[in-house]
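Generate the whole structure from the sequences, applying the supplied hints.
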Amino acid sequence: MARTVRVNTDTCISCGLCVSLAPEVFKLVDGKSFVYNPEGAPENKIQECIAGCPVSAIHWKEDDAP
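In UniProt numbering, the protein residues as written are 1 to 66.
Worth flagging that the hints you see were computed from the coordinates, not collected in a lab. Cβ atoms here follow ideal geometry from the backbone N, Cα and C, with glycine treated the same way. There could be a bad hint or two in this list.
[What the hints assert, rightly or not] Result set (DMTMM-like, lysine to aspartate or glutamate): computed pairs, CA atoms no more than 20 Å apart in a straight line:
no.: 1; residue 1: Lys27; residue 2: Glu39
no.: 2; residue 1: Lys61; residue 2: Asp10
no.: 3; residue 1: Lys61; residue 2: Glu43
no.: 4; residue 1: Lys61; residue 2: Glu48
[Said to hold, decoys possible] Label-pair ranges, simulated between beta-carbon atoms:
no.: 5; residue 1: Asp64; residue 2: Ile13; range: 27 to 33 Å
no.: 6; residue 1: Asn44; residue 2: Cys15; range: 16 to 22 Å
no.: 7; residue 1: Ala2; residue 2: Gly31; range: 26 to 32 Å
no.: 8; residue 1: Glu62; residue 2: Gly31; range: 15 to 21 Å
Pasting the structure below:
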């Protein structure tokens with residue numbers, strides 16, 4: 001099953017860690033992290049962002065499509 005990375009903007013505190021670790025995936029927009037290119041980095045790099053987020057705002061979402 002495929003998955004995509006998501007950011008909970010209500011939880012995001014705009015620390016910028018994800019942008020510094022994976023700028024090819026994340027951008028700050030209006031003071032919140034935004035996924036603009038979910039396939040811009042290898043999964044292990046995105047997982048590093050998920051693990052490093054101080055408020056756990058970044059997570060995987062399982063795609064429902066077969």
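Taking the Cβ atom of Asn44 and the Cβ atom of Cys15, is their distance within the range 16 to 22 Å? 21 Å, holds
Does 27 to 33 Å hold as the CB distance between Asp64 and Ile13, or does it fail? The hinted range 27 to 33 Å holds for Asp64 and Ile13, with Cβ atoms some 29 Å apart.
Hinted pair, alpha-carbon criterion (20 Å max): Lys61, Asp10. Please report holds or violated. 16 Å, holds
Satisfaction of the hinted span 15 to 21 Å by the C-beta atoms belonging to Glu62 and Gly31: 28 Å, violated
Does Lys27 pair with Glu39 here, judged by a C-alpha cut-off of 20 Å? 14 Å, holds
Hey, Lys61 versus Glu48, does the alpha-carbon distance stay inside 20 Å? Since the Cα atoms of Lys61 and Glu48 sit roughly 16 Å apart, the hinted pair holds (cutoff 20 Å).
Can you let me know if the beta-carbon spacing of Ala2 and Gly31 is within 26 to 32 Å? Holds, at about 30 Å.
Are the Cα atoms of Lys61 and Glu43 separated by 20 Å or less? 13 Å, holds
The structure does not agree with numbered hint 8 stated previously, though it agrees with all others.
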